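There are 2 protein chains.
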Amino acid sequence: MMPFHELISFDEAKKIIMRETKPIKRCEEINIEEAGERVLCNDVIATINIPGFDRAAVDGYVVKAEDTYNASFRNPKRLKIVGKIFAGEVASKKIENGEAMQIATGAAIPEGGDAVVMVEYTKREGNEVEILKPVYLGENVSKKDEDIKKGEKVIKKGSILTPAKIGVLAALGIEKVKVYEKPHVIIAPTGDEIVKPGNPLEKGKIYDINSYTLSTLLKPFANVVLNDIVRDDEKEIERILDREADYIIFSGGSSVGERDIFARVIEKKGELLIHGIALKPGKPTIFGKIGKTLVFGMPGYPTSCLTNAYTLLLPSVKKMARIKHEERKIKAKMAEKIISTIGRHQIYPVMVKDGEAYPVFKESGAITSMSQANGYIEIPANVEYVEKGSIVEVTLF
Amino acid sequence: MMPFHELISFDEAKKIIMRETKPIKRCEEINIEEAGERVLCNDVIATINIPGFDRAAVDGYVVKAEDTYNASFRNPKRLKIVGKIFAGEVASKKIENGEAMQIATGAAIPEGGDAVVMVEYTKREGNEVEILKPVYLGENVSKKDEDIKKGEKVIKKGSILTPAKIGVLAALGIEKVKVYEKPHVIIAPTGDEIVKPGNPLEKGKIYDINSYTLSTLLKPFANVVLNDIVRDDEKEIERILDREADYIIFSGGSSVGERDIFARVIEKKGELLIHGIALKPGKPTIFGKIGKTLVFGMPGYPTSCLTNAYTLLLPSVKKMARIKHEERKIKAKMAEKIISTIGRHQIYPVMVKDGEAYPVFKESGAITSMSQANGYIEIPANVEYVEKGSIVEVTLF
Chain A
1 MMPFHELISF
11 DEAKKIIMRE
21 TKPIKRCEEI
31 NIEEAGERVL
41 CNDVIATINI
51 PGFDRAAVDG
61 YVVKAEDTYN
71 ASFRNPKRLK
81 IVGKIFAGEV
91 ASKKIENGEA
101 MQIATGAAIP
111 EGGDAVVMVE
121 YTKREGNEVE
131 ILKPVYLGEN
141 VSKKDEDIKK
151 GEKVIKKGSI
161 LTPAKIGVLA
171 ALGIEKVKVY
181 EKPHVIIAPT
191 GDEIVKPGNP
201 LEKGKIYDIN
211 SYTLSTLLKP
221 FANVVLNDIV
231 RDDEKEIERI
241 LDREADYIIF
251 SGGSSVGERD
261 IFARVIEKKG
271 ELLIHGIALK
281 PGKPTIFGKI
291 GKTLVFGMPG
301 YPTSCLTNAY
311 TLLLPSVKKM
321 ARIKHEERKI
331 KAKMAEKIIS
341 TIGRHQIYPV
351 MVKDGEAYPV
361 FKESGAITSM
371 SQANGYIEIP
381 ANVEYVEKGS
391 IVEVTLF
Chain B
1 MMPFHELISF
11 DEAKKIIMRE
21 TKPIKRCEEI
31 NIEEAGERVL
41 CNDVIATINI
51 PGFDRAAVDG
61 YVVKAEDTYN
71 ASFRNPKRLK
81 IVGKIFAGEV
91 ASKKIENGEA
101 MQIATGAAIP
111 EGGDAVVMVE
121 YTKREGNEVE
131 ILKPVYLGEN
141 VSKKDEDIKK
151 GEKVIKKGSI
161 LTPAKIGVLA
171 ALGIEKVKVY
181 EKPHVIIAPT
191 GDEIVKPGNP
201 LEKGKIYDIN
211 SYTLSTLLKP
221 FANVVLNDIV
231 RDDEKEIERI
241 LDREADYIIF
251 SGGSSVGERD
261 IFARVIEKKG
271 ELLIHGIALK
281 PGKPTIFGKI
291 GKTLVFGMPG
301 YPTSCLTNAY
311 TLLLPSVKKM
321 ARIKHEERKI
331 KAKMAEKIIS
341 TIGRHQIYPV
351 MVKDGEAYPV
361 FKESGAITSM
371 SQANGYIEIP
381 ANVEYVEKGS
391 IVEVTLF
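In order, the protein sequence lines correspond to chains A and B. Going by the numbering used here, 165 is the number at position 165 of the first sequence; the sequence numbering is gapless. Going by the numbering used here, 8 is the number at position 8 of the second sequence; the sequence numbering is gapless.
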């Protein structure tokens, strides 16, 4: 039960973690309907023109434009109706001078036709149509490569697949797309004191909280595997560390005890890079690397674990997943005075309401601090207190 | 092929759609590890105290506080070590005067003990420990209901389950939680001209785009079922409308043609509430109600369909899902002049870069307009153009 003596600063810790985080290179092929928010692994080059054929941009009559040049409401031009084309159909005949064909928006322009008269400017008379307004060559016709030209690069590698980008893939007829794999994360709850929710609780034990807060936070960006509870035992911990993953995260139930097993095992199998951070809460944090796997030993206390997860773990997982980590920050007025701890950078959960930031920190062991917060403020290591009424910057969850 | 004559305003359309949208009432029970971002269906009342027992807040020695009152670095108080308690364990004996027990953070305070001396203020000497500093009654002890009191309402019905709120459920030992069901959405691609991506494309046909943009947009908030392509046939459309769902969304490939089938069928089976909106793009939009099912007939053009989905459909689905719809808006300087259409409210896709908004609208039939945009501006029906350099408000996707 040795405490953490050589703490590194919060900034230094962030630097080390981000330096060791490499954007993922593995790709996988998935169906486009599952690809929302995923990151494209290759440039997408158009293999076809879109729409692929000249088509009517409006409902009306396709004509030879020259046949309409003298048309007006007073002197309509009469053309013979020689057919009807709906979207998806192909006309069975060409258009000749003096002829018109009824056409629906999106339908392919038949051979010989070169403009479409909107239905509003026509009047049907039996087998003939009166054209009430001239159209110019190409009017109301969408050209066959107007949207996308064959050979064009339409989406760049590394793009996040938004609804519209998925639409571009669909437009090109692509049903499967290569995206970067999500980082593979193993969360291993550890500690002889923790019990899986749903099971009975003996005296002295507590339910596992951290595996659930961590997995909920990371799931949108990672493939998270929740391991069974691991006992505070060097052999068991080694066995977890032998598994293949991008991240192995140990989340304990209490504070320092088991951490030294982690530090020892990580040093033995790889590199121990962080062993305690001058941070409140979140001091007893371990970070290292075994081969290419990043290993986090998170503080056991739920608030400490979760604030660490927001500030240190999530930016790393998103960097590996190639997703930009944008923090949403707002200004607020401190509703009460906060006393801080000199010498440790503090992450202080607050609840912002009507422009005021209310402190909700109870103690690192409490989960309710975080469940009532909608963000946190950072108090630098050299600040003693934050005065009531002062303007603070809140990072929203 | 009748066009839309009586258009209603965009604001009126929004009002009608939101008025008809009722927050969902059905609940389902799911595992807490799947419950992130879901909406809680009941108040959660604590059935146990958390932590559930008095516990050590630090690593050190548990003592009777009165035994330490005269202790100092110069005159340490010697106490006999009578045991060792790790987190999760229960001490086998009481603490008597003159005794101390080694204790780990999180471990239950044994009977007789009433304070913990931090390990930093102790010095071990064989079977004895020197206490170098006095502790007061209750010092470094977390009380058994400090975090959550039994009977307390810890999370309110209607709350969105954040990582920390899932942590509260875990802390209480809850493994399954009741959340509101996600709205059940059927997307039915319609039109004789559309083909499912992955299949060969005959002349005059186009790939189905809208089902994919819509499902990608709605999936985070809804259970989306993508139907097979439905032909422009009244009977087939009726069969879809007989299915049970909160939303049935028809997304065509072109513009007006098939819409009249929808309007007719909706009027026959229920209420047709919107038949054309004075909106650009997005005019040929249909909205109605059949029993409790909301029915959308989306414009066939991909840009029209998707801008409508962002502005009219998504706010409705989120309201039904009980998730607050917060639009992210930023100010930007118009990089180029835009000519607008008098008489129709315009949704104009733009790409904001370095504080400037670049127009990216090609035509309603193009999907690339939207795939290059990261937001849109709204141009009221009575505005003719937006001058280059003017400040516009961009709603980000």
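To be clear, the hints were calculated from the coordinates, so they are not data collected in a lab. Keep in mind the model is a prediction, meaning the values are calculated, not measured. Each residue gets a CB set at the ideal place from its N, CA and C atoms; glycine is no exception. Don't take every hint at face value.
Examples of chain B residues toward chain A, derived with CB under 8 angstroms [to be verified]:
no.	residue
1	92
2	145
3	146
4	148
5	158
6	175
7	197
8	203
9	363
10	385
11	386
For each hint, the structure was consulted:
Annotation: residue 92/B was flagged as interfacial toward chain A, and the flag is violated, the nearest CB pair being 12 angstroms apart, outside 8 angstroms. At its closest, the beta carbon of residue 145/B sits 11 angstroms from a beta carbon of chain A; the interface hint therefore is violated under the 8 angstroms criterion. The criterion of a C-beta within 8 angstroms of any C-beta in chain A is met by residue 146/B, whose closest approach is roughly 7 angstroms, and the hint holds. About 6 angstroms separates the beta-carbon of residue 148/B from the nearest beta-carbon of chain A, less than 8 angstroms, and the hint is met.
Hint status for residue 158/B relative to chain A: violated, with the closest Cβ pair at about 15 angstroms, above 8 angstroms. For the restraint placing residue 175/B at the interface with chain A, the shortest Cβ-Cβ distance is roughly 3 angstroms, inside the 8 angstroms limit, so the hint holds. For residue 197/B, the suggested interface contact is upheld, since its CB lies about 4 angstroms from the closest CB of chain A, less than 8 angstroms. Interface hint status for residue 203/B: upheld, as the beta-carbon distance to the closest one in chain A is roughly 5 angstroms, under 8 angstroms.
Using the Cβ-Cβ criterion of 8 angstroms, the hint placing residue 363/B at the interface with chain A is satisfied: the shortest such distance is roughly 7 angstroms. About 22 angstroms separates the beta-carbon of residue 385/B from the nearest beta-carbon of chain A, more than 8 angstroms, and the hint is not met. At about 22 angstroms, the closest approach between the beta carbon of residue 386/B and any beta carbon in chain A exceeds 8 angstroms, and the interface hint on this residue is violated.
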